[in-house]
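Protein sequence lines correspond, in order, to chains A and B.
The first sequence begins at 1 in the UniProt record's numbering and counts up one residue at a time.
The second sequence begins at 1 in the UniProt record's numbering and counts up one residue at a time.
Possibly wrong hints are sitting among the right ones.
[Unchecked claim] A few chain A residues that face chain B, going by a derived Cβ cut-off under 10 Å, partial list only: (1) Lys73; (2) Ser103; (3) Leu599.
[As the list claims (entries may be wrong)] Only pairs whose alpha carbons sit at most 25 Å apart, straight line, appear in this in silico PhoX-like list of lysine-lysine: (4) Lys349(A) with Lys389(A); (5) Lys487(A) with Lys523(A); (6) Lys442(B) with Lys578(A); (7) Lys127(B) with Lys128(A); (8) Lys127(A) with Lys73(B); (9) Lys523(B) with Lys73(A); (10) Lys622(A) with Lys523(A); (11) Lys73(B) with Lys131(A); (12) Lys598(B) with Lys318(A); (13) Lys442(A) with Lys318(A); (14) Lys318(B) with Lys523(A); (15) Lys127(B) with Lys127(A); (16) Lys318(B) with Lys598(A); (17) Lys598(A) with Lys314(B); (18) Lys131(B) with Lys73(A); (19) Lys73(A) with Lys73(B); (20) Lys127(B) with Lys73(B); (21) Lys314(A) with Lys598(B); (22) Lys10(B) with Lys318(B); (23) Lys128(A) with Lys128(B); (24) Lys442(B) with Lys73(A).
Read the hints as simulated data drawn from the structure, not as lab findings.
Values in this document were obtained by computation on a predicted structure and should not be read as measured data.
For each residue, glycine too, the CB sits at the ideal point set by N, CA and C.
There are 2 protein chains.
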Amino acid sequence: MAVTEAPESKCDVLIIGAGPAGMMMAAWMARMGINARIVDKRSTKIFSGQADGLQCRSLEIFDSFGFADRAWKEANHMIEMCMWNPGEDGVLRRSDRVPDVPSGLSRFTQIVLHQGRIERFFLDHIKKHSKDTLRVERAVLPESLEIDEDRCDDHSADNYPIKVQLRHLTDEEAAPAQANGQTVSDGLFRSNLADDDTDDLIKKGRENKGGSEIVRAKYMVGCDGAHSWTRRQLGFQLEGEPTDFIWGVLDIVPITDFPDIRNRCAVHSASSGSLMVIPREEKLVRLYIQLTEIKPDASGRADRSKITPDTIIKAAQKIIAPYSLTYEYCDWFTAYQIGQRVGTNFDHKGRVFLTGDAVHTHSPKAGQGMNVSMQDSFNLGWKLGMVVKGVAQPSILKTYQSERRRIAQDLIAFDHKFSRLFSGRPAKDVMDEEGVSMEDFKQAFLNGNMFASGLSVDYGTSMLVAKPGSAADQGDGTDVSSTHYQKVVGGQELATNIKLGMRFPSFKVLNQSDARPWEFQEKLRSDGRFRIIVFAGNVVDPQQQARLKVFCQNLTSSGFLAPHIHTSIALLTCHASKRTEVELLRDFPEVLHPFDSKLGWDYNSVYVDDVSYHEGFGDAYKNYGVDKQSGCVVVTRPDQYVGHVDSLDEEGFVGVESYFKGVLVS
Amino acid sequence: MAVTEAPESKCDVLIIGAGPAGMMMAAWMARMGINARIVDKRSTKIFSGQADGLQCRSLEIFDSFGFADRAWKEANHMIEMCMWNPGEDGVLRRSDRVPDVPSGLSRFTQIVLHQGRIERFFLDHIKKHSKDTLRVERAVLPESLEIDEDRCDDHSADNYPIKVQLRHLTDEEAAPAQANGQTVSDGLFRSNLADDDTDDLIKKGRENKGGSEIVRAKYMVGCDGAHSWTRRQLGFQLEGEPTDFIWGVLDIVPITDFPDIRNRCAVHSASSGSLMVIPREEKLVRLYIQLTEIKPDASGRADRSKITPDTIIKAAQKIIAPYSLTYEYCDWFTAYQIGQRVGTNFDHKGRVFLTGDAVHTHSPKAGQGMNVSMQDSFNLGWKLGMVVKGVAQPSILKTYQSERRRIAQDLIAFDHKFSRLFSGRPAKDVMDEEGVSMEDFKQAFLNGNMFASGLSVDYGTSMLVAKPGSAADQGDGTDVSSTHYQKVVGGQELATNIKLGMRFPSFKVLNQSDARPWEFQEKLRSDGRFRIIVFAGNVVDPQQQARLKVFCQNLTSSGFLAPHIHTSIALLTCHASKRTEVELLRDFPEVLHPFDSKLGWDYNSVYVDDVSYHEGFGDAYKNYGVDKQSGCVVVTRPDQYVGHVDSLDEEGFVGVESYFKGVLVS
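If we strip away everything but chain A, and leave its shape as in the complex, we get (with noise of 0.2 Å):
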């Protein structure tokens, strides 16, 4: 037989595996004009089960993406979280409720919503805005993976250091096997007590002969999951050990008459183990349940023969007794074993990394796993794609480790304690040590509510963030120093609830031309943009108006900035002045509200912080912590996180222009 030669091609950055973190990689190429690809191994999308839990911080991001909507609409909103534990007589009672999430975090709260149509709300926006050219390649798989490492440190244009051999399947050399004769969905042969297939996929596709081809890449992106065959070739590991804890996992429309199971629940029995409630969309419940009477083998590892939804429901019948609890219709199950690994490196010479499972693994119920995965590529994504289109410095890659390694520990450190608390049976009284203490329990998930919601990120000082003190001792030790430049230190006094290093919080404002009340965050959209965002106090004042006036005539005279306004940086304006003694055009520098001689004026980036007629009032430069004489000037990465504040005075334009020297190419 003759041999053909594989196809070659090249692409900017090569994705691996599509699921959320692959996602919105692919969202943020598709955003900013990248000519990017994405493979997956499987031959179809996930249609129930996996992942579900959606924390506020992932709906700011979707928002940002502009599909929050859908989620919230169809996703089962969790408000409330209630305890269950047994009382004196050993009875199993609601000890306490409490909000599921602390209010005034963030116009959303967490929602749930399975991973199928939150991956469908991706594959849309994908599709719109890449106008189709960018889609998900299913039933493919890399085989063999070269780095040129010599030429890693090129960022020529013409330069692809990466070289990846891809593998097509038939379908069905892609279709997971399930257990024979199943009708319900099986999430076993995905979860942590399975094999990887990987390895048997390849293989079976190079017996068939399948199709191959070479790709010659600038970068590439791992999101392939706890197994990461780009991982594996890599040479990274995975740190951590398994416990003996074993839970399964039921997705079904319970019938029962336990009072609270449209809310969250946690159930500590006195004997038979935990189990957790998690309401889910339509009549769904999901139920994750303790399996006190599996344990693992000699090897660390349960038998997964011996778990199936009689197995499991019957386990839950135990804890949650006096209750009644069965089920007619069983969506999907599944099980997995408590442990908490992180992965040594996320990034090999800044041009490939890992993303997601492939760098954190840990257990599956506070509902952790796909928001810090997909926030995993939410913070790389734009990374890439401004280096790559030329316009930031490649040095910014760095801190993809220094900040979501530390992340991801912070996040191992939290289940750990949350997954023991959990699955410890509850203290008989207090002078029993080895039970867990209700009280504990309850501490323990107020406070984590806070890391939960996602809101609680707080990036390290970089060349990206100007924040005081070491860089090493914030992130997670990666040298991610700005070098160019003398380092740049935000006046946080200025704006003293818009955190360097946090997302940019969200308040009512309103548009200075037609009154509409907007969450502000909603202007700070996921389009590859940094934004200098001018709190312009108030500008009716003559002397805050002139400050104002020289501070845009800066920004438009400035060698180095000037070509990136509009175009890596736009510009967002909130003034503190009544809005109807201020016009649009006669009070703010054209380069706030920029004439097209096609579209007219720009009337969607100058808002105030005035009352609405309909919505109340936002308040925003109060809660902000932004003064309403003289306001400040904040910088936000494309990625919504505050990189540095400064004042409207010279030396603040300067610090601005420092700042952006730091990252940006001139």
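Please arrange chain B on chain A, whose structure you already have, making use of the hints.
Relative to the frame of chain A, chain B by itself:
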């Protein structure tokens, strides 16, 4: 040539015309599972121009179908109305700003989005709910109508007294003629300055021997516009006369220094006529421009050949001077002659109905046309659906004309006043009796706002509205009093802000089972069912608990009502005790949260007036004017209008039962 017989088929409801009125009709048919067809003479749907204003009430209705969010997201929101007129120096100035919609009326405000998008939402909805069995059949129009007059009163299931011959056109025949070489979408062919082309289309179809078919229908609805073919066949008239006022309409992306181009504006120039600004989605703005230089000819109709985008913008420039106004992009234009006309009859023998422009035409500036047209069908659709299903008494169909012709008369009166104030020149001073006083204009606008929101609709007494007074006085004169049973009159004092005959207002309540806040009106879905809304009061009080139990026992033991409960009458409960002191399964009779052997208990029918974790307190009982201790019971029709209010006592139950005995069949 052999004469082949036209094929013949049957359907329950035949809808002529697929504009917004026809689409709304079809939406009901899809939701209620009625065997219906909808045909339209045009071969394509609308892509630009046409109607664009959506009032609060239309959005509430869209929400009841589940797609208000799509309109809300895409539309421009109109928040402020600005009035511009000459100052004492004769120079144009802003004299006033008022909210476009009074606050507190609805959770929605008025928005603007072009008709094509709204038709898209309907099409998607109809497809989904009819499982793709109900589709708009385009390029199909009726050419003959025969009604078996003797059988109109025979409501046996196999009686199809209407016979219609439908003609199928080719796409080419059905495409509207556009002016030659026109690049801008020209709306003149559909304006009231243009001749009707229906007869031409029929003639062409016959000459070309396009296919034809016979449809036998139980009911027919003519939603076929101002030139309604259906109305002509019935011999009904539109009464009223055109005026001399000619207005042009331009949809452009304006280039202007006029400060309020993103607000709704009424601009009265000293002597060049008036102009209205309607900011739209994207960067579009619709301008309504008085064309003072174009007059009707001897026939009473203006020569439309003189009307081009160029003549219209020139007229606008004169009015808006000294501000500049040009454009590079024009999306659509049209012109119309102001006039108000209303149909003599909306209904032929309870078998053929007319809705929308077929029975009322007026000027478009108040943004009422599409709204009132859709609401005609919204009023009629569920009545037809319930009668076709054999659930409701055919006599309820009479209320369509009594309710909607009255609304049309009110609309005509409103528009008559509003358009004259708009087209008049501003008064020079208080002695100038011919001019329009700007104070009068502002007052008329503010008074008109309530009407224009669609929320002032107040249907008169009938078998469907248990109000005191005379049915003839409160409607259009049609006799719609209940004849079968003793007249029921609702206890308005039990729910002082849930007005009999008006739409059920909305305040936030919480789901008892999961604490999620909802606008209570969201729970009144357009699913074709009446609702008994049980304001259960203080259910932890034993006496009130006992009243509730007896009321529910009466519901389930009533020979008349029991078969309708959950099928054509849904139950919805809101209590006023603390949520945490109440348990759904313990404290509420089963009929309020029915059990299903496959799906378990219903957790979505019992709500509570309590404080939410994240969205404040709706204070619903207080806002509805219902006593927190003793509650009451409210009956809403499938269109959310309030039919009856009564107590939870034995007499209250008798009242509710009597109401339904006048409406439903046993």
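Against the structure, the hints:
no. : hint                     : verdict
1   : Lys73                    : holds, 6 Å
2   : Ser103                   : holds, 5 Å
3   : Leu599                   : holds, 6 Å
4   : Lys349(A) with Lys389(A) : holds, 19 Å
5   : Lys487(A) with Lys523(A) : violated, 29 Å
6   : Lys442(B) with Lys578(A) : holds, 23 Å
7   : Lys127(B) with Lys128(A) : holds, 22 Å
8   : Lys127(A) with Lys73(B)  : holds, 20 Å
9   : Lys523(B) with Lys73(A)  : holds, 14 Å
10  : Lys622(A) with Lys523(A) : holds, 19 Å
11  : Lys73(B) with Lys131(A)  : holds, 21 Å
12  : Lys598(B) with Lys318(A) : holds, 22 Å
13  : Lys442(A) with Lys318(A) : holds, 23 Å
14  : Lys318(B) with Lys523(A) : violated, 36 Å
15  : Lys127(B) with Lys127(A) : holds, 23 Å
16  : Lys318(B) with Lys598(A) : holds, 22 Å
17  : Lys598(A) with Lys314(B) : holds, 19 Å
18  : Lys131(B) with Lys73(A)  : holds, 21 Å
19  : Lys73(A) with Lys73(B)   : holds, 13 Å
20  : Lys127(B) with Lys73(B)  : holds, 21 Å
21  : Lys314(A) with Lys598(B) : holds, 19 Å
22  : Lys10(B) with Lys318(B)  : violated, 57 Å
23  : Lys128(A) with Lys128(B) : holds, 22 Å
24  : Lys442(B) with Lys73(A)  : violated, 39 Å
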